[in-house]
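Chains as they are written, first to last, in the working numbering: chain A, 200 to 435; chain B, 200 to 435; chain C, 200 to 435; chain D, 200 to 435.
In short, the hints are calculated from the structure, not lab data.
Just so we're clear, the structure is a prediction, and the values are computed from it rather than from any experiment.
Please note that a few of the clues may not be correct.
Any copy, or any two copies together, can satisfy a pair, since identical chains are not distinguished.
Unchecked claim - Lysine-lysine pairs mimicking BS3-like chemistry, simulated, CA-CA at most 30 Å apart:
| # | residue 1 | residue 2 |
| --- | --- | --- |
| 1 | K235 | K204 |
| 2 | K252 | K337 |
| 3 | K308 | K333 |
| 4 | K204 | K252 |
| 5 | K333 | K419 |
| 6 | K333 | K414 |
| 7 | K414 | K264 |
| 8 | K375 | K264 |
| 9 | K264 | K392 |
| 10 | K235 | K375 |
| 11 | K264 | K419 |
| 12 | K337 | K414 |
| 13 | K392 | K414 |
| 14 | K337 | K419 |
Residue strings, one per chain:
There are 4 protein chains.
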Amino acid sequence: MMLDKLKKEVWQVNLDLVRYGLVILTFGNASGIDRKKDLVAIKPSGVSYDDMKPSDMVLVGLDGKVAEGTLNPSSDTPTHLALYQAFPGIGGIVHAHSEYATMFAQAAKEIPCLGTTHADHFHGPVPVTRFLTKREVKADYEGNTGRVIVERFAGIDPLGTPAVLVAGHGPFAWGKTPDEAARNALVLERTAKTALGTLTLDPGRRRLPGYIVEKHFQRKHGPHATYGQKKEGAKT
Amino acid sequence: MMLDKLKKEVWQVNLDLVRYGLVILTFGNASGIDRKKDLVAIKPSGVSYDDMKPSDMVLVGLDGKVAEGTLNPSSDTPTHLALYQAFPGIGGIVHAHSEYATMFAQAAKEIPCLGTTHADHFHGPVPVTRFLTKREVKADYEGNTGRVIVERFAGIDPLGTPAVLVAGHGPFAWGKTPDEAARNALVLERTAKTALGTLTLDPGRRRLPGYIVEKHFQRKHGPHATYGQKKEGAKT
Amino acid sequence: MMLDKLKKEVWQVNLDLVRYGLVILTFGNASGIDRKKDLVAIKPSGVSYDDMKPSDMVLVGLDGKVAEGTLNPSSDTPTHLALYQAFPGIGGIVHAHSEYATMFAQAAKEIPCLGTTHADHFHGPVPVTRFLTKREVKADYEGNTGRVIVERFAGIDPLGTPAVLVAGHGPFAWGKTPDEAARNALVLERTAKTALGTLTLDPGRRRLPGYIVEKHFQRKHGPHATYGQKKEGAKT
Amino acid sequence: MMLDKLKKEVWQVNLDLVRYGLVILTFGNASGIDRKKDLVAIKPSGVSYDDMKPSDMVLVGLDGKVAEGTLNPSSDTPTHLALYQAFPGIGGIVHAHSEYATMFAQAAKEIPCLGTTHADHFHGPVPVTRFLTKREVKADYEGNTGRVIVERFAGIDPLGTPAVLVAGHGPFAWGKTPDEAARNALVLERTAKTALGTLTLDPGRRRLPGYIVEKHFQRKHGPHATYGQKKEGAKT
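One chain only, chain A, in its complex shape (with noise of 0.2 Å):
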């Protein structure tokens, strides 16, 4: 079995999208790259995660083809893998349709800036896509999804804004490596469903002063990061 230590990342991450409360039933599907072999872990179709081991990780390979495994990939896998081309940076992807963010989604509107929670880990907006057209869901519906995902982050540094939502879908996240990609999925969760509150408190409400938004974002991840403990310049 090649890649044991990816699956068992990936595994781990799938079923942390349960504990987190961002996915129920067989619903949303996590993975991760290896970049030498350019091999992705992703979870199999419909396998409820009770039952699921790390050995049921299938590999895929950038083209689509199923390296290993004996179970259907995800049927969303050609999203992932339309990112994994696009975004080199990045090592892992979820996607979820968890609640708070999906009614953005649904919404078609982005998540704006509302707070410093928001800054510290999305650059800006979260942002959303168009919807597909009639063709692109006919001739290749899951690809066509990552490729307007791509399409929309034309300008935009996917591991500065490392979430999207899918026009009348859901969302996207992804980070360097899996477990960072559920942890900002969760992150996501939490800053739509305080702007959801924001915004009904205020439907005006504009963004966060743009200095705010970055002081907080470089806190996290500029060169002069402050913030845990094994960041090279931090405070003492």
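Could you slot chains B, C and D onto chain A? The hints should help.
Frame of chain A, contents of chains B, C and D only:
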């Protein structure tokens, strides 16, 4: 004792309703049918979920007569029987007063198809019945509740749209098996919650483009279904 | 020690309030009455639910004097006593600041009867009291809280509508027993939550047709009740 | 090791924030102060709650210098220090991005006193700060966050109103001890949630009559407090 396997399945599904967060106290009920014997196994009325045993499930004929069991069947039994008679393809029914589906039922509003989670499970909006008339309430309330559901499904495939909202009351969901009925009830609740949020963000929100609805519905239900592991013709 | 059985029942019901998600920290209180001895067992004030023992329940006479117990009774005791005196049919009372019922209480709005879950338990809207006057607050705040509840129930059967919202404060619920009072408090909370959602979907929503309200209320409460296992004249 | 008891208390309160549902992942932080030694024990930055030990709490002087500990203190430490310096009566501080309090903070709206739960804990509205200026963000962001809180509390007793919303950010709560600070953060979250619901039901809702606010606040805080077991002069 007859139909022990069905009774156990129905008992388990009744407990699942609690686990899924769809019912509290003794609310809600699930049933399953043996189509060869035309016998329905259903939860007894007003019994605590903690104390309930598989053998407590009551067997009822389609004429409403108890065939086996010492407890009273659920007071909603005539509604279940009306649905089993009118919808020959279904094998299980679930009734709950789950929170978000009940919000729509109380507003007498159908749940519009605003996203792909909805489209994956319900082919079009989740319909709402009319209110029963005074005469219908007086004569045979529970039976007539079933009849207004059947009336509302004129021209709708009950397995394509396996749930309904009874105006001023709450949801019924069904499926090929009792377990599928419970999962549809859970998805219905999730769908209602995200629809409420989407309508809060955009009160005039219209339904998803029809070609996306069709794509998702056929992906899970059509002859060329690509979701899961057991379907013929699944993509690899 | 007197009335050990009642104390244990009241202790258990206080713990149920936590289990039902109706109270946090030391908020909320439940009591029960022995109508022969005219003694009320009630939760002590400000004691942690984790530490509380059945023997900590305080026995209080209808005149407000402690008959047994070393701890102070709940500061809301005079409210409980006023209700026990005015409503001779009730045997238990629960007070909580549960979230959704409190939202309506703070808005000083009654909960309209929008659905059958409501109608099964509350015969008409759940009423809201007026605000206490400055004089009433100053003189005997907790006792007068009971008195404005009793004033509001002029012409209403307290066992037909076993709950009230105190304006700007929160709900009180009651029943024939402490356990029934707790279950009514839980149903009240659920009813308030679904009503809020329904009113969000349709702010002008009017109450359920009267004949449906009557049917549901009588199904559980009337002489021809058909719900549960122990009622005379139940359908089979 | 110094101040082991304080460290353990602060560690416990940090875990309570998770148990109360106020924080996710590594968000949030709690601290406590030894007023004799003027040393603050605070959560380390970005460490998982599962792995955190009492000895990981970092000791920091009021000048911001680490007195003991190998980990970086929370990046919000300068905010805590500014509050300890300005509010000599407080012994513990909690910062969380709890959902409902954050909704108000992001809307830059104070939480009006709409009910008695609020009045029991917060004497008047929970205030919201102004946004920091660009200069304040650039120069000493976390320290200035503390300073705008202190500025907002001109004329307000910090122990009478033991919480604040920082505009666009989230809540800080405090108390005489770290444990009291955590309980105030929990009540704040509950208060924000019920306020949002009340404002949804009645957007123009005004605050509770002042004489009811005073009654409740004094019932728990005043010299004639009647709540709980340990106060002098409590009613029996």
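Practice item. Against the structure, test the hints numbered earlier, and report the numbers of the ones violated in rising order. Key: 2 and 9
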